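Protein chains: 2
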Amino acid sequence: MSLIVQKFGGTSVGSVERIKNVARRVAKWRAAGHDIVVVPSAMAGETNRLIALAKEIQAQPDPRELDVVASTGEQVTIALLSMALLELGVRARSYSGWQVKILTDSAFTKARITSIDDKAIRGDLKAGTVVIVAGFQGVDAKGNITTLGRGGSDTSAVALAAALKADECHIFTDVDGVYTTDPRIVPDAKRLRTVTFEEMLEMAGAGSKVLQIRSVEFAGKYKVPTRVLSSLTDPMMPVAEEAKAGTLITFEEDPHMAMEKAVISGVAFNRDEAKITVHDVPDRPGIAYAILGPIADANIDVDVIVQNVGHDGMTDMTFTVHRNDYAKAVKILKGQVQSHIKCRDITGDDKIAKVSIVGMGMRSHAGIAAQMFRTLSEEGINIQMISTSEIKITVVIEEKYTELAVRVLHKAFELDQV
Amino acid sequence: MSLIVQKFGGTSVGSVERIKNVARRVAKWRAAGHDIVVVPSAMAGETNRLIALAKEIQAQPDPRELDVVASTGEQVTIALLSMALLELGVRARSYSGWQVKILTDSAFTKARITSIDDKAIRGDLKAGTVVIVAGFQGVDAKGNITTLGRGGSDTSAVALAAALKADECHIFTDVDGVYTTDPRIVPDAKRLRTVTFEEMLEMAGAGSKVLQIRSVEFAGKYKVPTRVLSSLTDPMMPVAEEAKAGTLITFEEDPHMAMEKAVISGVAFNRDEAKITVHDVPDRPGIAYAILGPIADANIDVDVIVQNVGHDGMTDMTFTVHRNDYAKAVKILKGQVQSHIKCRDITGDDKIAKVSIVGMGMRSHAGIAAQMFRTLSEEGINIQMISTSEIKITVVIEEKYTELAVRVLHKAFELDQV
Numbered sequence: 024m025s026l027i028v029q030k031f032g033g034t035s036v037g038s039v040e041r042i043k044n045v046a047r048r049v050a051k052w053r054a055a056g057h058d059i060v061v062v063p064s065a066m067a068g069e070t071n072r073l074i075a076l077a078k079e080i081q082a083q084p085d086p087r088e089l090d091v092v093a094s095t096g097e098q099v100t101i102a103l104l105s106m107a108l109l110e111l112g113v114r115a116r117s118y119s120g121w122q123v124k125i126l127t128d129s130a131f132t133k134a135r136i137t138s139i140d141d142k143a144i145r146g147d148l149k150a151g152t153v154v155i156v157a158g159f160q161g162v163d164a165k166g167n168i169t170t171l172g173r174g175g176s177d178t179s180a181v182a183l184a185a186a187l188k189a190d191e192c193h194i195f196t197d198v199d200g201v202y203t204t205d206p207r208i209v210p211d212a213k214r215l216r217t218v219t220f221e222e223m224l225e226m227a228g229a230g231s232k233v234l235q236i237r238s239v240e241f242a243g244k245y246k247v248p249t250r251v252l253s254s255l256t257d258p259m260m261p262v263a264e265e266a267k268a269g270t271l272i273t274f275e276e277d278p279h280m281a282m283e284k285a286v287i288s289g290v291a292f293n294r295d296e297a298k299i300t301v302h303d304v305p306d307r308p309g310i311a312y313a314i315l316g317p318i319a320d321a322n323i324d325v326d327v328i329v330q331n332v333g334h335d336g337m338t339d340m341t342f343t344v345h346r347n348d349y350a351k352a353v354k355i356l357k358g359q360v361q362s363h364i365k366c367r368d369i370t371g372d373d374k375i376a377k378v379s380i381v382g383m384g385m386r387s388h389a390g391i392a393a394q395m396f397r398t399l400s401e402e403g404i405n406i407q408m409i410s411t412s413e414i415k416i417t418v419v420i421e422e423k424y425t426e427l428a429v430r431v432l433h434k435a436f437e438l439d440q441v
Numbered sequence: 024m025s026l027i028v029q030k031f032g033g034t035s036v037g038s039v040e041r042i043k044n045v046a047r048r049v050a051k052w053r054a055a056g057h058d059i060v061v062v063p064s065a066m067a068g069e070t071n072r073l074i075a076l077a078k079e080i081q082a083q084p085d086p087r088e089l090d091v092v093a094s095t096g097e098q099v100t101i102a103l104l105s106m107a108l109l110e111l112g113v114r115a116r117s118y119s120g121w122q123v124k125i126l127t128d129s130a131f132t133k134a135r136i137t138s139i140d141d142k143a144i145r146g147d148l149k150a151g152t153v154v155i156v157a158g159f160q161g162v163d164a165k166g167n168i169t170t171l172g173r174g175g176s177d178t179s180a181v182a183l184a185a186a187l188k189a190d191e192c193h194i195f196t197d198v199d200g201v202y203t204t205d206p207r208i209v210p211d212a213k214r215l216r217t218v219t220f221e222e223m224l225e226m227a228g229a230g231s232k233v234l235q236i237r238s239v240e241f242a243g244k245y246k247v248p249t250r251v252l253s254s255l256t257d258p259m260m261p262v263a264e265e266a267k268a269g270t271l272i273t274f275e276e277d278p279h280m281a282m283e284k285a286v287i288s289g290v291a292f293n294r295d296e297a298k299i300t301v302h303d304v305p306d307r308p309g310i311a312y313a314i315l316g317p318i319a320d321a322n323i324d325v326d327v328i329v330q331n332v333g334h335d336g337m338t339d340m341t342f343t344v345h346r347n348d349y350a351k352a353v354k355i356l357k358g359q360v361q362s363h364i365k366c367r368d369i370t371g372d373d374k375i376a377k378v379s380i381v382g383m384g385m386r387s388h389a390g391i392a393a394q395m396f397r398t399l400s401e402e403g404i405n406i407q408m409i410s411t412s413e414i415k416i417t418v419v420i421e422e423k424y425t426e427l428a429v430r431v432l433h434k435a436f437e438l439d440q441v
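Going down the list, the sequences are from chains A and B. The numbering used here puts the first sequence at residues 24 to 441. The numbering used here puts the second sequence at residues 24 to 441.
Hints in this document: simulated from the structure, not taken from any laboratory. If a hint is listed, it holds; no wrong ones were tucked in.
The list treats identical chains as interchangeable, and a pair is accepted whether it falls inside one copy or across any two copies.
25 Å max Cα-Cα, derived BS3-like pairs, lysine-lysine:
(1) Lys78 to Lys51
(2) Lys267 to Lys213
(3) Lys142 to Lys165
(4) Lys124 to Lys142
(5) Lys149 to Lys165
(6) Lys213 to Lys434
(7) Lys165 to Lys124
(8) Lys246 to Lys267
(9) Lys351 to Lys423
Bear in mind the structure is a predicted one, so any value in this text is a computation, not a measurement.
Sequences and hints are given; from them, build the entire structure.
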């Protein structure tokens, strides 16, 4: 008998029929003797509807009040799901964030969990009750309702699993696991049976949107074994079978498994960014801050940053931002920064794509980068930027080559053989 | 400078535009120097939508979980209204029932308020903040969300006014006050500038649906001066004018006013009931309980009960129930009661109406009942049942005569001259 936290996303609870299906699936796991905590999101579209309503009143809604509105979406789902379980004859009880309570800081609309009181939940589990906790929401020390930001239900689930020392956290979503790359682009893409926490983190950052990155960090910090599963399968699929389905995110590296494992686990890509180059800036201390400080002050996130060694006391700096922030970032640089740092020019391109290969195996294998670059050059794809981490190599290329690059890299690293 | 609690019903906050209008009205009162607590209902139709959603999952929704769902309607409105005030540059802050906190018993879907913590509200008022409290909802001692049942927002508002010792409670609704009778039936009906608490209670019970009866009881118990006002007037109507508009429900009887006052304040009617007669029951102790006990056990409310003096040890008992409960009540009587009490027959009629005249003045005036009965008989309207209280006389008549009876009584008691 295990304690399992099961999270269901907005699509999985998007209608009355789907909520009933979730209840059947949960009831099946409960009947198999497991203690179950369920964390549902709001019904698909509901959070957007509520935020749109708020924006009709205030173009920039007050963050405290926005959280009061937005948190009602999950409050509805927890009660409906509880009713659906009761209707199946399963003991169930719903808890909102403040009822648990899930204590957060006071950063409305993007709060962070600071602690979870597990007393009430443990009491219910002991009594054989399925506990249903609203995802995405919490309460601050002053009793204000807070929300964790987009995708926060994943974080709620993983944080609950950590607080309860759950045996596993199941993230039910509309895909059946983590793939070597996007199957819509590479039909040969394979589902990974396991992926390490570090790989998952790099793949989430590189644009694989299966799990919210913050929840992966949480899972890693507390070493919560987390399984990504499909909620679109038959809810009555045998428990023994479902327990091995999907993709398990692991933390301890099993040496035996590592030997068997492919060098590369996946190819990720992202077409949401734009690149900006600041040309011929003086190569001296403080210059990076002079360029990126005003960008950060405008709340623009910077992703890849590349600066090469300089010549004649001058260098170029290139970085990427979200495509929505591109015009704003260029305007800031031309308006506030250019004259100040005396650079020659500022250019940019929003028709780029970021393509990454990710894998624990590349740490101990030389030549991975070389193989990646050769594969791309053989197709005539020019590499505009390169950035690397311990287990990831990222290149920025022209957007139109995205699918081609993903396909050839997937094949070159034999991911269709996984 | 006064402390005023203002309640706005579902129609008054039924759209974004209307919420903005409520904000303008509240801002106007605040600008006039008053401390304001606002209690909004859910947006019109929202509570019904939520309950319907719950019933798609469970035909008889679990009461605890139903309250979790239903309470979200008001949670959305408080935040939207708070945003609308902030947008006007008015300090505002929303509170759900548990945040206040409004403590109730644990009777889910029909909870009663046991206490209200006024600390947070007083602090905000002192800082010049408009406080917006969710109507209809509270929290029980164990931290479960509760709701007060239909019309509960009126009760929330009056209870808050009592707890805060407010100078006045404004109930904004879609009518501009309490009328001598329904203006749709008697175009000459006049708005009452004041009505006593006792009259209001009798008129609410007799079917005038301006205020929920429980809120009137609350207002009476704590002597909260309560004004019924229209939310359909120009929100920027001068405060001095609005302060005298509508109908004020009073508690102390002003002797001077009483002298000027008409004997009768209004004619109320109700077509929602059906009558049932149990014929020839033994006229002995315990028989009323034997008849009405099983009805009460089935959760059927009984309204008017009439039992006349008996003959030859036998008597008839007649009572009214809500029309929706008529068939069920007759079935219970024929199935469980008839053979037990050995009555001759059980008959009934669901084509009846209840018409009442209400007025503090009738306590000191003889002949009011006689005048009522003569007025009806002159129109050939047969009186089937009579029931009286200190300040009300109710008759049950054939339903088709309802409008006629209301019109002739309104004229006979000179209510068009008020």
